[in-house]
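A.B. asks: Sequence:
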Amino acid sequence: MPKPSPGDERPPGPAGAEAAAGRPRDCGEERPRAPASPPQDLSVSELQEISDEVYKLSLAHEIVLNGDFKLQMGNFSPFSLENRVKETLHKAFWDNLKEQISASPPNYTQAIQLLQEIKEALLSLLLPRHNRLQSRIEEALDMELIRQEAEHGVLDIRGLTTYILDTMAMLCAPVRDEEVQGLQSLTDPAQLFREIFRVLDLMKMDMLNFSIQSLRPHLQDHSIQYERKKFQELLDKLPNSLDHTTEWLREAAAGVSASLSESQPHSAALQGAVGGSPALPSLTAVLNQGYMNLLCWEPGQKEYPETLLMDQARLQEVRAQVNQLATTAAVLLVTSSTCGSALFGSPGFVARLKLVTKVLLEGLSCTRCEEALQDISDQVLQEVSRALSQLGYPALTSDRCASLKGQIKSIADKSNTVWHVIEQRIHLFLSRFISPDGWNSQKDFPMGLDAIQEELQEVGRRFRSVIHHNRQVFGPFYLGILKKVLFPEAEPESDAGTDSF
16 MPKPSPGDER PPGPAGAEAA AGRPRDCGEE RPRAPASPPQ DLSVSELQEI
66 SDEVYKLSLA HEIVLNGDFK LQMGNFSPFS LENRVKETLH KAFWDNLKEQ
116 ISASPPNYTQ AIQLLQEIKE ALLSLLLPRH NRLQSRIEEA LDMELIRQEA
166 EHGVLDIRGL TTYILDTMAM LCAPVRDEEV QGLQSLTDPA QLFREIFRVL
216 DLMKMDMLNF SIQSLRPHLQ DHSIQYERKK FQELLDKLPN SLDHTTEWLR
266 EAAAGVSASL SESQPHSAAL QGAVGGSPAL PSLTAVLNQG YMNLLCWEPG
316 QKEYPETLLM DQARLQEVRA QVNQLATTAA VLLVTSSTCG SALFGSPGFV
366 ARLKLVTKVL LEGLSCTRCE EALQDISDQV LQEVSRALSQ LGYPALTSDR
416 CASLKGQIKS IADKSNTVWH VIEQRIHLFL SRFISPDGWN SQKDFPMGLD
466 AIQEELQEVG RRFRSVIHHN RQVFGPFYLG ILKKVLFPEA EPESDAGTDS
516 F
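Numbering (our numbering), first residue to last: 16 to 516.
The hints are simulated quantities; they were obtained by calculation from the structure and are not laboratory data.
What you are looking at is a predicted structure, and each value in this text was computed from that prediction instead of being measured.
The hints are all genuine.
In silico EDC-like cross-links for lysine to aspartate or glutamate, where the CA-CA straight-line distance does not exceed 16 Å:
id: 1; residue 1: 106; residue 2: 210
id: 2; residue 1: 373; residue 2: 393
id: 3; residue 1: 424; residue 2: 386
id: 4; residue 1: 134; residue 2: 154
id: 5; residue 1: 373; residue 2: 469
id: 6; residue 1: 134; residue 2: 159
id: 7; residue 1: 317; residue 2: 262
id: 8; residue 1: 420; residue 2: 386
id: 9; residue 1: 113; residue 2: 203
Please put together the full structure from these sequences, using the hints given.
C.D. replies: Structural data, given as structure tokens:
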């Protein structure tokens with residue numbers, strides 16, 4: 016499948032962006048197979064083929080999980096070398112076209128080639144029901160007739176471009192109406208051709224996004240089998256490609272086992288005394304722990320699991336939102352403990368504090384940085400002073416102001432008890448939120464998080480959507496890895512003592 020290359024124009028005519036989502040096919044619930052023996056060194060063509068397969072898999076995955084996904088026109092930075100080269104080549108191309116058309120007699124060689132490309136672009140925008148319009152375009156842009164007219168000096172370029180603009184006006188989305196109408200006022204044929212290609216590129220992008228929207232329900236129906244099948248095909252070509260996933264699950268298993276040992280020390284000691292072995296964690300518990308560990312994954316700290324690479328950006332965004340919510344809840348909690356419940360019960364006060372904190376934390380690479388919390392402490396004190404004055408309460412003493420500012424700034428310390436407790440409660444909530452049984456009880460919402468309940472519920476839904484899809488697609492792969500990690504002595508095909516996802 017060709018990758019979209021918006022903005023990648025090339026002589027003799029700027030080529031529009033082209034892309035198509037990989038079309039999934041129904042496939043059986045085949046269990047992922049262990050990769051065959053390692054292949055020999057891959058050739059360039061084989062590497063390109065693998066790259067294309069990864070691209071198709073990623074595109075299909077993005078369409079399913081991101082309801083707002085759209086292809087965008089790509090542009091180089093105005094000051095980049097690539098942009099300067101592109102602009103130089105394009106200027107030479109369009110200057111040459113202008114010279115040809117302005118010559119006496121005119122030379123239409125290049126213009127005819129562009130008309131051929133425009134015809135193909137218009138036909139590519141048609142839907143299957145547009146049979147009559149297709150016939151009209153074929154007739155109006157009859158390339159053989161156009162060449163004969165050019166040879167006899169009777170080619171009507173203006174008439175042809177007028178027909179092209181009228182056809183574009185019929186085919187374009189409403190959002191492009193103004194741009195198409197704006198082409199009507201251009202009198203320079205070379206400039207008009209250039210602008211026609213620019214707007215046609217936009218129209219083709221609109222058509223691609225329309226196709227994606229149409230394709231989404233079909234992909235959603237078959238995405239699990241499609242992604243699993245494609246991933247298995249990649250594993251067959253690239254054995255040992257689950258090393259990072261294996262290490263991720265191994266660490267999760269070690270963490271769950273350690274927790275079990277800490278929570279049941281006497282039971283574990285008794286089992287050891289009578290020759291037994293401590294209880295092993297369930298596969299589901301290990302996988303859930305692995306997912307939760309991703310919320311503590313520092314960028315660049317270690318390699319991301321291969322099975323989650325397509326969702327890395329989404330999960331890192333969830334991680335950032337969790338940190339932001341934990342900081343916001345900590346700010347509200349220490350402010351409440353200093354100012355009292357009466358102030359927090361005043362209309363709009365909590366909402367204003369949340370907004371102040373969110374704005375000052377937005378876009379920061381580290382949401383617990385000391386500089387942001389310094390600004391937050393200043394803004395919180397201003398809001399507190401304003402609210403106390405409006406309610407007729409006495410202002411905070413200088414000691415209480417200094418104490419409040421100090422407590423807010425100390426949230427940046429990784430050992431801060433308030434922030435740590437809130438983070439643990441958020442993680443506990445999210446771990447239950449992503450559990451296979453879909454736990455989501457309002458009455459059991461963690462204490463101290465009421466002020467961020469709505470935002471945390473939304474983050475939880477986003478997190479659960481990613482995890483649910485990942486669990487469905489890669490569950491069989493995880494099952495095979497975890498059986499080896501937890502039951503290394505078991506028979507390869509034995510399911511004894513294991514659960515499923």
